[in-house]
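K.L.:
Last residue of the sequence shown: 345 in numbering that gives the first Met the number 0, with the numbers rising by one and none dropped.
Just so you know, the hints here were simulated from the structure itself, not pulled from any lab data.
Among the hints, a few may not be true.
Only pairs whose alpha carbons sit at most 30 Å apart, straight line, appear in this in silico BS3-like list of lysine-lysine [what the hints assert, rightly or not]: (1) K269 / K251; (2) K251 / K170; (3) K170 / K182; (4) K251 / K182.
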Amino acid sequence: MGGIGVVINPRSRQNQGDPRAAVRLARTLGDHGVVRTARTREDLARIAEDFRKLSIDVLGISGGDGTNHVTITGFLDVYEDEPLPPIAFLRGGTMNTVANAIGVPRGRPDGLLAGLIARYTDRGQDPLRWVERHVMRIGSHYGFIFGTGCVHGFIAEYNRSEERSARWAAKVLARASAAVILKTDTQVAARWEGRVHFDDGSAFPDRDYLAVAAGTVDQIGLGFRPFYRYDERPESFHMLGIHTSALGFVRKLGDVWRARPMGEAHTFEKIARNAVLEARSGVVRYVCDGDVHEHAGPLTVRIGPRVKLLVEHKPGHRPTLRRAPHDVCNLRGDVPAPARVADDPR
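Model the full structure from these sequences, guided by the hints.
P.N.:
Now the structure itself:
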């Protein structure tokens, strides 16, 4: 059958406030595919089985970072060794860090879907384009961004509010930075204690860290780019062991924003394929693409499959070029895209 298969998460913050979102997406899609609502992981497994049997050409996901990683995890579990179709992030959540990192234009899910359909049905002059990124396998989850310590603390503080927006995220960061400067307590500065060892025999030493974090995209949120070496080596991720003080990190936020190294006095860095985190407490509390998790015992983070992520959903949209688009491809057979198309815009 082919076509576009769209998964919508009705529990995402944006979709919760828009009960007709699924109906509007279905009307937009028309006879170009099918929209399915996933309320549970069991729903998601059934949808993945159906979409695989239908041999869909594109997998659209309406939700934020959390919805994206849960959907990708569910589909990888079903597809197993079979490659996933190109994935279109249609936003629909409050955190869209990965979509921002790869250059998906801003907009409502139905508007992005309309642009996707226009490009999908025009296979000639302006075909769909994607970038390829690896996901990391973090325990039993797949995602693009991983973090412990202050990353977990930030999301925990962010989740305390019903607002859940980029504005609220910026407020959380500003308040935490002020607390650090004024030397008052904030859970955002919570540290992680333990060690990290890699399959080549190297390690981050056993000590306390502000965070251990990794990514296969450069951004971690709000435009900050700590994982600037994410594509330095094939089939690898960029991992940081940030061991500086909270104040030292606040002073380095400008470098993180500009994708510059914080320096050995502040952080350890590793380009890795496999890492094992061992917490002194025996429990690793971490974030995967904006969702909080807890893992008892050593936690393995390893490089996962490479997936195709669509970068243009609106006709005429051209992200600003930041680096050579060596991995931008199109739906006509992995032909390199013109140099005017970026794979890592801001």
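K.L.:
Taking each numbered hint in turn, which are not upheld by the structure, reported in ascending numerical order?
P.N.:
Hints that this structure does not satisfy do not exist here, as all of them hold.
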